[in-house]
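Could you build all of it, start to finish, from the sequences and the hints given here?
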Amino acid sequence: MIVTTAVKPSEQTMAKARALAEELSGRLQLRRGQTLSQLMTAGADDQLLVVLDNEVRYYKGSTSEQPLYYHPSMAFVRVKRLLRGDRDPLIDLSGCEPGDSVIDCTAGLAADSLVFSIAVGAEGSVTALESEPVLHVVVREGLRSYDSGLAEADEAMRRIKLVRSNHTDYLSSLPDNSVDIVYFDPMFEEAIEESSAIGPLRSLANHGKLSESAVQEAVRVARKCVMLKEQKGSNEFERLGFTRCKTKKTSKITYGVIPVDRAT
Numbered sequence: 321m322i323v324t325t326a327v328k329p330s331e332q333t334m335a336k337a338r339a340l341a342e343e344l345s346g347r348l349q350l351r352r353g354q355t356l357s358q359l360m361t362a363g364a365d366d367q368l369l370v371v372l373d374n375e376v377r378y379y380k381g382s383t384s385e386q387p388l389y390y391h392p393s394m395a396f397v398r399v400k401r402l403l404r405g406d407r408d409p410l411i412d413l414s415g416c417e418p419g420d421s422v423i424d425c426t427a428g429l430a431a432d433s434l435v436f437s438i439a440v441g442a443e444g445s446v447t448a449l450e451s452e453p454v455l456h457v458v459v460r461e462g463l464r465s466y467d468s469g470l471a472e473a474d475e476a477m478r479r480i481k482l483v484r485s486n487h488t489d490y491l492s493s494l495p496d497n498s499v500d501i502v503y504f505d506p507m508f509e510e511a512i513e514e515s516s517a518i519g520p521l522r523s524l525a526n527h528g529k530l531s532e533s534a535v536q537e538a539v540r541v542a543r544k545c546v547m548l549k550e551q552k553g554s555n556e557f558e559r560l561g562f563t564r565c566k567t568k569k570t571s572k573i574t575y576g577v578i579p580v581d582r583a584t
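Here the sequence shown stands for residues 321 to 584, numbered as in the numbering used here.
Derived by calculation from the structure, the hints in this document are not laboratory data. Each hint should be verified, as a subset may be incorrect.
Label pairs and their computed distance ranges (CB to CB) [what the hints assert, rightly or not]:
id: 1; residue 1: Glu331; residue 2: Met394; range: 14 to 20 Å
id: 2; residue 1: Asp489; residue 2: Gly353; range: 21 to 27 Å
id: 3; residue 1: Ala339; residue 2: Ser493; range: 25 to 31 Å
id: 4; residue 1: Asn486; residue 2: Gly553; range: 24 to 30 Å
id: 5; residue 1: Leu470; residue 2: Glu385; range: 27 to 33 Å
id: 6; residue 1: Gly381; residue 2: Gly353; range: 20 to 26 Å
id: 7; residue 1: Ser493; residue 2: Gln551; range: 26 to 32 Å
Below are the DSS-like pairs computed for lysine-lysine, each with C-alpha atoms no more than 27 Å apart in a straight line [stated by the list, open to error]:
id: 8; residue 1: Lys552; residue 2: Lys568
id: 9; residue 1: Lys572; residue 2: Lys529
id: 10; residue 1: Lys552; residue 2: Lys569
id: 11; residue 1: Lys336; residue 2: Lys380
id: 12; residue 1: Lys569; residue 2: Lys400
id: 13; residue 1: Lys336; residue 2: Lys400
id: 14; residue 1: Lys481; residue 2: Lys529
id: 15; residue 1: Lys336; residue 2: Lys481
id: 16; residue 1: Lys336; residue 2: Lys529
id: 17; residue 1: Lys552; residue 2: Lys572
id: 18; residue 1: Lys400; residue 2: Lys380
id: 19; residue 1: Lys380; residue 2: Lys328
id: 20; residue 1: Lys529; residue 2: Lys568
id: 21; residue 1: Lys380; residue 2: Lys569
id: 22; residue 1: Lys400; residue 2: Lys529
id: 23; residue 1: Lys529; residue 2: Lys566
id: 24; residue 1: Lys566; residue 2: Lys552
id: 25; residue 1: Lys400; residue 2: Lys552
id: 26; residue 1: Lys400; residue 2: Lys572
For every residue, glycine included, the Cβ atom is placed at its ideal position computed from N, Cα and C.
This is the structure we're talking about:
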């Protein structure tokens with residue numbers, strides 16, 4: 321992987337680029353007047369990470385394709401609704417309350433993590449797990465620096481703790497009954513939402529099926545519930561022991577819940 325910057329990066333951005341190149345075992349290349357396409361061609365590498373002052377962009381294959389970058393996408397709309405007192409099915413069905421601790425086992429672009437972070441507030445906590453190294457870096461740097469123009473949303477982003485880890489391993493390391501809600505949102509087999517940020521995610525995300533052992537660990541760890549998000553026609557709820565929740569008929573997704581009822 322090639323790691324580069326804008327043509328005239330600040331010292332802070334250069335330092336970040338060096339650190340990310342080391343973290344991802346990439347090669348730091350100065351621009352020296354070259355375009356991004358020229359860098360990829362000269363370096364004979366089809367992966368490129370561009371480190372900017374307030375953003376990290378990842379290109380795979382060609383710079384003519386849309387890069388992967390952090391953006392809250394539709395989660396920002398949901399956040400604004402929550403802040404004005406509207407309901408969100410994820411929060412209602414999980415029983416999430418201010419002060420709760422949540423583990424989002426399949427962070428992706430951390431959209432649902434952001435919604436949870438708004439709901440639990442500053443007194444709660446959201447830990448988001450991402451196993452894929454590049455995706456972890458792109459989202460982590462975005463959560464640290466993205467400016468939505470809405471202070472409450474930005475504060476909620478900064479509160480999310482993004483951890484690079486396989487979720488089964490991470491859950492196995494936790495004590496019994498140690499968090500309130502454990503949440504899974506595996507990558508769907510067929511995309512139902514495409515955007516400038518979400519489309520490129522599919523090439524990097526972990527497409528492995530959720531395992532029964534991961535769900536068992538989640539049930540052991542959770543005090544309130546374990547929750548799964550899937551497409552409406554999915555058989556994963558039955559396979560893994562989740563009870564389907566009722567959602568809008570027009571919705572393409574739904575949730576399943578395993579209630580634990582160990583809240584204290």
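Looking back at the hints listed earlier, which ones does the structure fail to meet? Violated hints (numbers, rising): 1, 2, 13, 16, 18, 21, 22; every other hint is consistent with the structure.
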